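Undergrad: Going down the list, the protein sequences come from chains A and B.
Per numbering that gives the first Met the number 0, residue 0 is the first one in the first sequence, and the count goes up by one each step.
Per numbering that gives the first Met the number 0, residue 0 is the first one in the second sequence, and the count goes up by one each step.
No lab work stands behind these hints: they were computed from the structure.
Mixed in with the good hints, there may be bad ones.
Unchecked claim - Pairs of lysine-lysine, DSS-like flavour, derived with a Cα cap of 27 Å:
id	chain 1	residue 1	chain 2	residue 2
1	B	K132	A	K331
2	A	K234	A	K55
3	B	K132	A	K251
4	B	K132	A	K330
5	A	K276	A	K92
6	A	K330	A	K104
7	A	K234	A	K186
8	A	K92	A	K186
9	A	K76	A	K169
10	A	K169	A	K234
11	A	K71	A	K104
12	A	K251	A	K331
13	B	K132	A	K272
14	A	K251	A	K276
15	A	K276	B	K132
Unchecked claim - Derived Cβ-Cβ restraints for the label pairs, each shown as a range:
id	chain 1	residue 1	chain 2	residue 2	range
16	A	R262	B	R152	41 to 49 Å
17	B	R152	A	Y287	43 to 51 Å
18	B	A87	A	N170	23 to 31 Å
19	A	T182	B	L211	50 to 58 Å
20	A	L193	B	P137	49 to 57 Å
21	A	T284	B	E85	47 to 55 Å
22	A	T182	B	P137	53 to 61 Å
Please read all numbers here as calculations on a predicted model, not as lab measurements.
The beta-carbon is built from N, C-alpha and C at its ideal position, and this holds for glycine as well.
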Amino acid sequence: MKKFIPFLLLLGTIWCCLAMTDSRVAVVSGETPVWEVLRSLGEPSPNHLITILPEKASVAVGRNIVHFGSNKTKAMKQQSAHFVCTSCHNTEKEFADLRETDPQKRLDYAAENELPFLPGSPLYGVVNRSSFYNGDYEKKYGKLVLPARNNLREAIQLCAVECSQGRVLKNWELESVLGYLWTLELKMEDLAILAADYNKYTLKSEDAADLIAEIKSYYHTDSPAHFVATPEDGKAGYGRQGDASNGEHIYKLSCLHCHEDQRYSFFDLNDGKLSRKLLAKHFPTLSYYSSYQVIRHGAPSHPGKRAYMPQFTSEKMSNQQVEDLRAYVTKK
Amino acid sequence: MLAGSRSPRKLKFMRLFFTSFLILFFVSVYSQEKTKIEYRTFKDTRVISTQSSETLPAGKMDFRISHRFGDLAGSNGGWQNFYGLEDAADVLIGIDYGATDRLTFGLNRTKGAGPLTRLVNGIVKYKFIGQGKEAGSPITITLLGGASLSTARRIDDPELLTNFPKTAHRLIYNFQAIFARSFSERLALQISPGYVYRNYVTQEDENGLFNLGFAARFQLTKVFGLIVDTTIPFSDLRTSDNGYYLPLGFGLEIDTGGHVFQINLTNTTGLAPTDYIPNTRSNWADGEFRLGFTISRLFNL
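Generate coordinates for the entire structure from the input sequences, incorporating the hints supplied.
TA: In structure tokens, the structure reads:
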């Protein structure tokens, strides 16, 4: 028996080594990050993965930049005088089921969870995406989107300089932002996968590629974006009957998010009659002041405020919702 | 008459003024910040001549140009000076900056229309209490401190105020407590007790001058609003018999979003409170009112 002991020890050592080199997560729960599961299944690391933060960088700094535009210290200059990331992007998820893209379901979710209804894609889960500035954004930014399309760092810098009309983030600031964004990565519970099925993503199998594809089918790895034209006839609009109660949500969660008390815009709006009357008056004109124009093409920059209002793509606000907004502001 | 000749009654008032200031400060520390406050009770930081209760949002700079033309009618107006448009009673150019949402600093230069001209005016304005949108204070209370320095050339004539025996004689101070309330989306009213102190005045005049300002805004549409303001100086000297009149102005305010443009008619000639409160000698009834305008443009810094 004694002569088998070294052999058994050798077997045990080999088994332990094999167990240790198996990168699969032992247990998948709702709290397990989606990337953790994908990585264990053999998904290559994205180029925005962070292993170690550089000197001066931290998640807390990143959070402050995203929400306030700076670290609120003398050492860091405000990134932009006009916007912060959360002017246009939520840091919460925007759908109950992340496979959805329907703007009405996005609005319902925003109203239910008291979230702003914004033109930008959410930062929640952005590190789980592999593509940025998708679709028609190339029409707007031209070649600038090319380096940003498959690189989150470049996408952040493009947003900082073009969308916010601010300065380029320093490396440690950029890494801090990324560090914070990684705290907003998707968890398994965010996906519409039954908890009882989590275990299948831990089992050894030959079909890891299929499992990766299956997990990814529960969320979008890009953010489709289609620009929409203004209606040809301002009076007729998009030719749909508007729902004023739905429009009220849009006005309060979207328009007032930026315009109330001149938060991010010099054009001051509130929920009073005078503000709504002004919008109602210009709606059918299709002029520079028309909400059709502003929603579908954005607003230009002005002296003293280089940043412009971004437009709403069809994925962020449907034609029906624009008519709902019109119904609300024209309501007596 | 130089500084230091204050009567016991005035000292008592000043003590009361600063005590009230301190009380407001401590009350505000406990009541503010968490309450959602009414914003833009007035559209601009000035009504016509008087300061409004508004402060600038943090990080915003307001570049302003104001102009007061010559008399529109009366003996100095009419066709001969194209209804005042060929004269400039006063001109202001300057900037204000919102250090925080409640604290605004400002610096401007005015030509000056009173005895002291070429004025450099500095202001500090602090919104102590904001009118609550849903709950909280029923009014907005803002305190204003300002000083004007005359940079006019010294004239070697002891009879003139521009003799300036000392540099301090070039200074005029202005303090105001501004109480405002927005009654509805359309109507806002303001009352502002104040005190102007001139370091150097003529023998018959007095250094300190208490005053009380009133202002109102009635919003016609989102863009157009009517405004009116007046300031009553409490001084036995400032009567119509002595050639002083109540500063009174009416205006149309146009808010285009980022720009506030104002056209007004007023009998004040000076633009700075240190100038028009003690020195308004034009009378509406004699046609001595003028066209004026203000352009205000916000910049994000």
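Undergrad: Enumerate the violated hints, using their earlier numbering and listing them in ascending order.
TA: 2, 5, 7, 10, 11, 18, 21 and 22
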